[in-house]
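Single-letter residue listing:
Number of protein chains: 2
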Amino acid sequence: MNFSSKLLEQAVEAFATLPSIGKKTALRLVLHLLQEEPDAVAHFTETIDKLKKHIKNCQTCHNLSDADICVICSDIHRNKEMVCVVESIRDVMAIENTGQYRGVYHVLGGIIKPIEGVGPDQLNIESLIQRVEAGTVKEIVMAISPTIEGETTTFYISKQLKKYDIQISTIARGVSFGGELQYADELTLGRSIVARTPYQISQK
Amino acid sequence: MNFSSKLLEQAVEAFATLPSIGKKTALRLVLHLLQEEPDAVAHFTETIDKLKKHIKNCQTCHNLSDADICVICSDIHRNKEMVCVVESIRDVMAIENTGQYRGVYHVLGGIIKPIEGVGPDQLNIESLIQRVEAGTVKEIVMAISPTIEGETTTFYISKQLKKYDIQISTIARGVSFGGELQYADELTLGRSIVARTPYQISQK
Numbered sequence: 006m007n008f009s010s011k012l013l014e015q016a017v018e019a020f021a022t023l024p025s026i027g028k029k030t031a032l033r034l035v036l037h038l039l040q041e042e043p044d045a046v047a048h049f050t051e052t053i054d055k056l057k058k059h060i061k062n063c064q065t066c067h068n069l070s071d072a073d074i075c076v077i078c079s080d081i082h083r084n085k086e087m088v089c090v091v092e093s094i095r096d097v098m099a100i101e102n103t104g105q106y107r108g109v110y111h112v113l114g115g116i117i118k119p120i121e122g123v124g125p126d127q128l129n130i131e132s133l134i135q136r137v138e139a140g141t142v143k144e145i146v147m148a149i150s151p152t153i154e155g156e157t158t159t160f161y162i163s164k165q166l167k168k169y170d171i172q173i174s175t176i177a178r179g180v181s182f183g184g185e186l187q188y189a190d191e192l193t194l195g196r197s198i199v200a201r202t203p204y205q206i207s208q209k
Numbered sequence: 006m007n008f009s010s011k012l013l014e015q016a017v018e019a020f021a022t023l024p025s026i027g028k029k030t031a032l033r034l035v036l037h038l039l040q041e042e043p044d045a046v047a048h049f050t051e052t053i054d055k056l057k058k059h060i061k062n063c064q065t066c067h068n069l070s071d072a073d074i075c076v077i078c079s080d081i082h083r084n085k086e087m088v089c090v091v092e093s094i095r096d097v098m099a100i101e102n103t104g105q106y107r108g109v110y111h112v113l114g115g116i117i118k119p120i121e122g123v124g125p126d127q128l129n130i131e132s133l134i135q136r137v138e139a140g141t142v143k144e145i146v147m148a149i150s151p152t153i154e155g156e157t158t159t160f161y162i163s164k165q166l167k168k169y170d171i172q173i174s175t176i177a178r179g180v181s182f183g184g185e186l187q188y189a190d191e192l193t194l195g196r197s198i199v200a201r202t203p204y205q206i207s208q209k
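Residue numbers (this note's numbering), protein chains in the order written: chain A, 6 to 209; chain B, 6 to 209.
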């Protein structure tokens with residue numbers, strides 16, 4: 006691309022470092038910002054600066070938080086006896102969006118990936134064990150993606166927690182609601198037959 | 006979306022104001038920035054602030070520029086007798102990328118769109134006439150999109166410039182290179198037959 010302005014070129018390159026933003030999209034975003042009011046652009050950059058400077062990880066569950074303890078951990082209505090272990094902050098948001106879970110979380114910050122050099126020590130596993138040792142926790146719900154690495158992580162953590170008097174469960178796996186059987190992969194379909202559940206006729 | 010952090014929510018909303026960026030993409034971009042080094046994020050926001058504060062429009066052609074006169078207008082190797090009239094900065098970049106044009110430009114800043122309230126007065130037409138009156142210009146190349154509004158703009162400007170002793174041309178229209186005739190629209194195909202050019206056998 007030929008830029009008549011260095012300032013423009015630098016801004017486009019800055020945007021193009023973001024994931025899934027190519028140079029053409031970056032140019033469109035930058036030209037959009039140039040048309041905006043100066044105050045709006047200042048607000049945009051300030052918001053990002055503030056986020057980067059002031060955001061914290063919750064000292065209990067490692068979720069992103071404005072304070073030392075996140076809004077979920079400090080909510081007195083949440084069940085502190087149940088801890089859902091997830092890979093990332095995005096998983097917390099996905100589960101929160103369902104509105105079905107009233108316990109608290111523990112964000113691992115990744116899963117065990119030996120090929121990428123991520124071992125158990127790089128994850129927030131030690132702090133999970135400390136939470137269990139503290140005594141309040143009665144159930145750990147492992148909600149980690151059912152990939153090979155995810156299953157390894159679930160297995161590793163379950164083994165570490167075996168000696169404590171708590172229940173360990175994993176989220177249910179099976180055919181998606183609304184999914185057609187013929188399109189389900191064999192592993193999922195096979196497991197969902199093995200792990201079949203009693204059919205309950207709902208009573209209205 | 007359920008955000009555990011106000012700072013996060015504000016940053017996601019700021020990104021989501023950009024064109025073609027939805028909330029999910031915005032979240033991915035913000036989480037990417039959170040993983041970056043603080044210096045990289047500071048550089049990102051500084052670049053945008055600097056752009057917004059210091060960028061100018063070239064006093065001659067209205068192209069984006071770091072100085073009062075843009076690099077194209079101040080280039081002594083460019084032909085100042087030929088002025089290419091375009092709608093926007095993006096068109097300047099597109100033509101520059103072809104490497105085929107050695108004249109200078111005039112950026113209108115839009116085209117005449119009565120429905121959206123854009124009349125000739127909102128465009129940089131007066132300054133184009135002044136450039137012509139100054140005497141150096143010998144040819145005006147109208148390079149405006151061949152839409153109804155674009156054709157109207159081309160017609161309006163050509164009429165304004167008729168009284169001056171200059172040549173006015175428009176970029177050639179026809180079937181795209183690599184395009185198949187059967188897929189060309191009727192208007193383009195019809196015009197390209199009417200405006201046929203003598204076939205030249207290249208001599209190597």
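Any given hint could be a false lead.
Note that identical chains are pooled: a pair holds if it fits in a single copy or bridges any two copies.
[To be verified] With a cut-off of at most 25 Å between alpha-carbon atoms, the simulated PhoX-like pairs for lysine-lysine come out as follows:
1. Lys-28 / Lys-118
2. Lys-11 / Lys-29
3. Lys-85 / Lys-28
4. Lys-61 / Lys-167
5. Lys-118 / Lys-143
6. Lys-55 / Lys-143
7. Lys-118 / Lys-164
8. Lys-143 / Lys-164
9. Lys-143 / Lys-58
10. Lys-55 / Lys-168
11. Lys-29 / Lys-55
12. Lys-167 / Lys-11
13. Lys-143 / Lys-167
14. Lys-55 / Lys-167
15. Lys-55 / Lys-164
16. Lys-143 / Lys-61
17. Lys-58 / Lys-28
18. Lys-167 / Lys-28
19. Lys-85 / Lys-58
20. Lys-58 / Lys-29
21. Lys-85 / Lys-167
22. Lys-85 / Lys-55
23. Lys-143 / Lys-11
24. Lys-28 / Lys-168
25. Lys-29 / Lys-143
26. Lys-118 / Lys-11
I should point out that these hints are in silico values taken from the structure, not numbers from a laboratory.
Hint-by-hint comparison with the structure:
1. Lys-28 / Lys-118: This pair counts as neither: shortest intra-copy Cα distance 32 Å, inter-copy 29 Å.
2. Lys-11 / Lys-29: For Lys-11 and Lys-29, only the intra-copy Cα distance (16 Å) is at most 25 Å; the inter-copy one is 31 Å.
3. Lys-85 / Lys-28: neither (47 Å within a copy, 30 Å between copies)
4. Lys-61 / Lys-167: Neither, since 31 Å and 66 Å both go past 25 Å.
5. Lys-118 / Lys-143: neither (28 Å within a copy, 67 Å between copies)
6. Lys-55 / Lys-143: neither (38 Å within a copy, 54 Å between copies)
7. Lys-118 / Lys-164: within (17 Å within a copy, 69 Å between copies)
8. Lys-143 / Lys-164: The answer is within: 16 Å in one copy meets 25 Å, while 83 Å across copies does not.
9. Lys-143 / Lys-58: neither (36 Å within a copy, 56 Å between copies)
10. Lys-55 / Lys-168: neither (43 Å within a copy, 58 Å between copies)
11. Lys-29 / Lys-55: between (28 Å within a copy, 20 Å between copies)
12. Lys-167 / Lys-11: neither (60 Å within a copy, 37 Å between copies)
13. Lys-143 / Lys-167: Only inside one copy: Lys-143 and Lys-167 sit 13 Å apart there, 86 Å across copies, limit 25 Å.
14. Lys-55 / Lys-167: neither (42 Å within a copy, 56 Å between copies)
15. Lys-55 / Lys-164: Neither way: Lys-55 and Lys-164 sit 40 Å apart in one copy and 53 Å across, limit 25 Å.
16. Lys-143 / Lys-61: neither (27 Å within a copy, 63 Å between copies)
17. Lys-58 / Lys-28: between (28 Å within a copy, 22 Å between copies)
18. Lys-167 / Lys-28: Neither way: Lys-167 and Lys-28 sit 51 Å apart in one copy and 40 Å across, limit 25 Å.
19. Lys-85 / Lys-58: neither (29 Å within a copy, 50 Å between copies)
20. Lys-58 / Lys-29: between (30 Å within a copy, 22 Å between copies)
21. Lys-85 / Lys-167: Only inside one copy: Lys-85 and Lys-167 sit 20 Å apart there, 81 Å across copies, limit 25 Å.
22. Lys-85 / Lys-55: This pair counts as neither: shortest intra-copy Cα distance 31 Å, inter-copy 47 Å.
23. Lys-143 / Lys-11: Answer is neither; intra-copy 59 Å and inter-copy 30 Å both fail.
24. Lys-28 / Lys-168: neither (53 Å within a copy, 42 Å between copies)
25. Lys-29 / Lys-143: neither (52 Å within a copy, 34 Å between copies)
26. Lys-118 / Lys-11: neither (41 Å within a copy, 31 Å between copies)
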